[in-house]
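Asks: Given next are the chains, with one letter for each unit.
2 protein chains.
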Amino acid sequence: MNLDVKAMMNRKSAVVAKLTGGIASLMKARQVEVIKGKGTVCGPDMVKVGASRELKAPKIVLATGSLPSELTHLPFDGKRVLNSTDALSLTKVPKSLAVIGAGAVGLELGSVWSRLGAEVTVIEAMKQVIPGADAAAARTLASSLKKQGLGILTGATVESAKVSSRKISLSIRKSGKKQGQKEQGELENLDVEKVLVAVGRRANINSALGAGINPERTADGRFLKVDENYTTSVPGLFAIGDLVGNPMLAHKAEEEALALAALFAGEAHPPWCGPVPGIVYTEPELAWAGESEESLKASGMDYIKGQFSYGANARALAAEAGEGFVKLLSSPGDEKLLGAVILGRGASELIAEAVSVMAMGGCAEDIALTIHGHPTLSEITKEAALVLSGRPLHRA
Amino acid sequence: MNLDVKAMMNRKSAVVAKLTGGIASLMKARQVEVIKGKGTVCGPDMVKVGASRELKAPKIVLATGSLPSELTHLPFDGKRVLNSTDALSLTKVPKSLAVIGAGAVGLELGSVWSRLGAEVTVIEAMKQVIPGADAAAARTLASSLKKQGLGILTGATVESAKVSSRKISLSIRKSGKKQGQKEQGELENLDVEKVLVAVGRRANINSALGAGINPERTADGRFLKVDENYTTSVPGLFAIGDLVGNPMLAHKAEEEALALAALFAGEAHPPWCGPVPGIVYTEPELAWAGESEESLKASGMDYIKGQFSYGANARALAAEAGEGFVKLLSSPGDEKLLGAVILGRGASELIAEAVSVMAMGGCAEDIALTIHGHPTLSEITKEAALVLSGRPLHRA
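Protein sequences, first through last, are from chains U and P. Read in this note's numbering, the first sequence has 254 at position 227, and its numbers run on one by one without any break. Read in this note's numbering, the second sequence has 289 at position 262, and its numbers run on one by one without any break.
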């Protein structure tokens, strides 16, 4: 079997073109003029496009998103030291690839190129992949990806890098703590053809701000400070999306855009509610929303949990997708659903039910007493809710 | 590429064995004795197993399910005139297969064997496939399956059949109404190797009832009559599942079993609530729950609807699954969600969110204002809810 990377990329471009073309048509249908060019806010009600064109508007919305964070000792060159966009457009499979950072971007793109034949090593400074996600799910995900051939080093940092004409040499410091060694772990060398730097993103604040336009930042300086109506400290200047805070996710930015548009229109648009789901598009997928065991412990809140395994679900077994679990977290008294973690096939879609129930202020019992089609993966969520409610069904 | 039907069936058997083995372990863990044999209720508190063994119990639960309905002019023979169980165990792909009945069983098994190479013709007496399901979804599903090579005749009945040593000849009467002909349509002959009769199932009432045990039937005689506690007219005799009414679905039977077990245990187990989802496991899948446009029209209820297409969803396009739609139905005043229909990839899993929201008495807005991960298919449900609420997003 041969892999035609060019055909794959052409197909990707065609899908992207169709989607962006669809947005362009909608803009036109709604009589929104789209001007292509670099915009700069040069006054509270003035945007300059390119060198000459000036647009006057009483309200200006900044939505310039975020940019991949760069490592000072390994600056992006677009060819061998890659950001996520570069890594989506390679024209052939690299022989070897180091991925710095085991967040969503690192694991997704790392596992894609690994599956396509590259020897991939993901290097993560924290003790777990997907830092911040449920620790047990992250462990299971890492172990599953390793079984599929992805190299993963956690608790490891790239101390230095040397880019030469033939290769990139990374000097990786492993944490020695776990083995009971001194804090300083071993130093390991890794030579690779390409490096994907996926150590996070930073709000793209400055690119659209002209001289003298200095909206206030958040305390840590990383985001623009806005109030609940997305208003910055500059009159008439609003901001949404990655610019104004975490999580840096398209669906969170979209909801902020909807809420702001409704405000502008003077509509009684209730604000969106419920948690923002996080998704990692690996196989198995990881999705979560609301509180995690870690966040509840950190804030000293009591909780009860219910967990059920993919391995005991009919559809998962029939689809050879028995790896993973659903974990639901509730407050002990009223069983109000506080959080959900799903690791496994289809997690990205299954999380929607838990998010909607949380948004409605529902309880584990609301899921436990609702009929779920058989055979479906959604029964795993129901069974986890039954476990939480003290009525396990297909679990001893 | 070669198809190894035997390997496929072995794998199927292994999965089934694992699942039934799991149930057996759970029974053991919960100290439930399972006695294998044919049980007959021979008194209000007495079950006979086989010829000799007698079990005394103050409470007896009938859960004997249903049997495939037979056609008098085409009785099952297990080899060439098949029921659904037979059609799951063929050892090679038939050259040609007629499927009588385009319900879930007929379309699922018909499309499986069609995909594996058989020339399959599905014959349905009603005007649409999946009678009772949303008419527009059924039309789109039929057209999609036809494009995949499945033959489908609607408004057609098998008038007679002749089983000879070499073939089965069906005489099919097509409805002439649509073409403006007289009511009596053309007669067409179809010769096939095998026939799957999938014209429905009937409650398996009598097989476990001994002489003199005659619990009352429903008015139409098709089911056992039970009250809200699953009690039949015979003291101490209970019944659940396909025996007591439609829909004949495993997940409905399971919920009834849970409710009855809780009643027996004297537990305050609230009854399950919300609609029972129906699912057709074709590709695309069809899933629905609650009211349909047809049922609302029939009962004279006003409704509003919101529909959104898979073709405008990023993940669907990326997965080449742009066929299908989500349709949500609400009452006009409070937008209370009354029904949902999903045709498309993953419909069986996506329906869970709508069912849970309906079970909680939620509104379309509860889905519209909840963040759905991007890119996911669940965004189609959200967009349909936005359309229903008069705030279409990615639709002109």
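Be aware that one or more of the hints could be misleading.
Each pair may be met inside one copy or between any two copies, as identical chains are not told apart.
Claimed, not checked - Cross-link-like lysine to any residue pairs, in silico, SDA-like; alpha carbons within 25 Å at most:
no.: 1; residue 1: K194; residue 2: A34
no.: 2; residue 1: K33; residue 2: A163
no.: 3; residue 1: K154; residue 2: A169
no.: 4; residue 1: K363; residue 2: P302
no.: 5; residue 1: K122; residue 2: G248
no.: 6; residue 1: K154; residue 2: S116
no.: 7; residue 1: K119; residue 2: E347
no.: 8; residue 1: K363; residue 2: F291
no.: 9; residue 1: K45; residue 2: A162
no.: 10; residue 1: K122; residue 2: K324
no.: 11; residue 1: K83; residue 2: P102
no.: 12; residue 1: K363; residue 2: G388
no.: 13; residue 1: K363; residue 2: W299
no.: 14; residue 1: K201; residue 2: V76
no.: 15; residue 1: K63; residue 2: P158
no.: 16; residue 1: K63; residue 2: E255
no.: 17; residue 1: K106; residue 2: P274
no.: 18; residue 1: K173; residue 2: G212
no.: 19; residue 1: K55; residue 2: A423
no.: 20; residue 1: K55; residue 2: P158
no.: 21; residue 1: K363; residue 2: A56
no.: 22; residue 1: K194; residue 2: A423
no.: 23; residue 1: K194; residue 2: K252
no.: 24; residue 1: K45; residue 2: R249
If you are wondering where the hints come from, they were derived from the structure by calculation, not from laboratory data.
Asks: If a hint holds in the structure, say so; if it doesn't, say that too.
Replies: To see whether the hints hold, each was checked on the structure:
For the identical chains of this complex, K194 and A34 are neighbours neither inside a copy (27 Å) nor across copies (47 Å), given an alpha-carbon limit of 25 Å. Proximity of K33 to A163 under the C-alpha cut-off of 25 Å is found in neither arrangement, the shortest distances being 38 Å within a copy and 39 Å between copies. When the C-alpha separation of K154 and A169 is checked against a cutoff of 25 Å, the pair qualifies only within one copy, where the shortest distance is 11 Å, while the shortest distance between copies is 52 Å. For a Cα distance limit of 25 Å, the shortest separation of K363 from P302 qualifies both inside one copy, at 14 Å, and across copies, at 22 Å.
With identical chains, the CA atoms of K122 and G248 are never at most 25 Å apart, being 39 Å at best within one copy and 70 Å at best between copies. For a Cα distance limit of 25 Å, the shortest separation of K154 from S116 qualifies neither inside one copy, at 30 Å, nor across copies, at 49 Å. Proximity of K119 to E347 under the C-alpha cut-off of 25 Å is restricted to the inter-copy arrangement: shortest distance 23 Å between copies versus 30 Å within a copy. In this assembly of identical chains, the alpha carbons of K363 and F291 never lie at most 25 Å apart, being 35 Å within a copy and 28 Å across copies at closest.
Taking identical chains as interchangeable, the C-alpha atoms of K45 and A162 are never at most 25 Å apart, the minima being 38 Å within one chain and 29 Å between chains. In this homomeric assembly, K122 and K324 never come within 25 Å of each other (Cα to Cα): the closest approach is 43 Å inside a single copy and 62 Å across copies. For the homomeric pair K83 and P102, neither the shortest alpha-carbon distance inside one copy (38 Å) nor that between copies (80 Å) is at most 25 Å. Taking CA atoms no more than 25 Å apart as the test, K363 paired with G388 passes in both settings, with 7 Å inside one copy and 17 Å between copies.
In this assembly of identical chains, K363 and W299 lie within 25 Å of each other by CA distance both inside one copy and across copies; the values are 19 Å within and 18 Å between. With identical chains, the CA atoms of K201 and V76 are never at most 25 Å apart, being 48 Å at best within one copy and 67 Å at best between copies. In the homo-oligomer, the alpha carbons of K63 and P158 never lie at most 25 Å apart, since the shortest distance is 37 Å inside one protomer and 51 Å across protomers. Taking identical chains as interchangeable, the C-alpha atoms of K63 and E255 are never at most 25 Å apart, the minima being 30 Å within one chain and 65 Å between chains.
Taking CA atoms no more than 25 Å apart as the test, K106 paired with P274 passes in neither setting, with 29 Å inside one copy and 59 Å between copies. Taking identical chains as interchangeable, the C-alpha atoms of K173 and G212 lie at most 25 Å apart only when both belong to the same chain, with a minimum of 22 Å there against 63 Å between chains. In this assembly of identical chains, the alpha carbons of K55 and A423 lie at most 25 Å apart only when taken from different copies (9 Å versus 58 Å within one copy). With identical chains, the CA atoms of K55 and P158 are never at most 25 Å apart, being 41 Å at best within one copy and 41 Å at best between copies.
With identical chains, the CA atoms of K363 and A56 are never at most 25 Å apart, being 43 Å at best within one copy and 30 Å at best between copies. Proximity of K194 to A423 under the C-alpha cut-off of 25 Å is found in neither arrangement, the shortest distances being 54 Å within a copy and 51 Å between copies. In this homomeric assembly, K194 and K252 never come within 25 Å of each other (Cα to Cα): the closest approach is 43 Å inside a single copy and 78 Å across copies. In this homomeric assembly, K45 and R249 never come within 25 Å of each other (Cα to Cα): the closest approach is 34 Å inside a single copy and 53 Å across copies.
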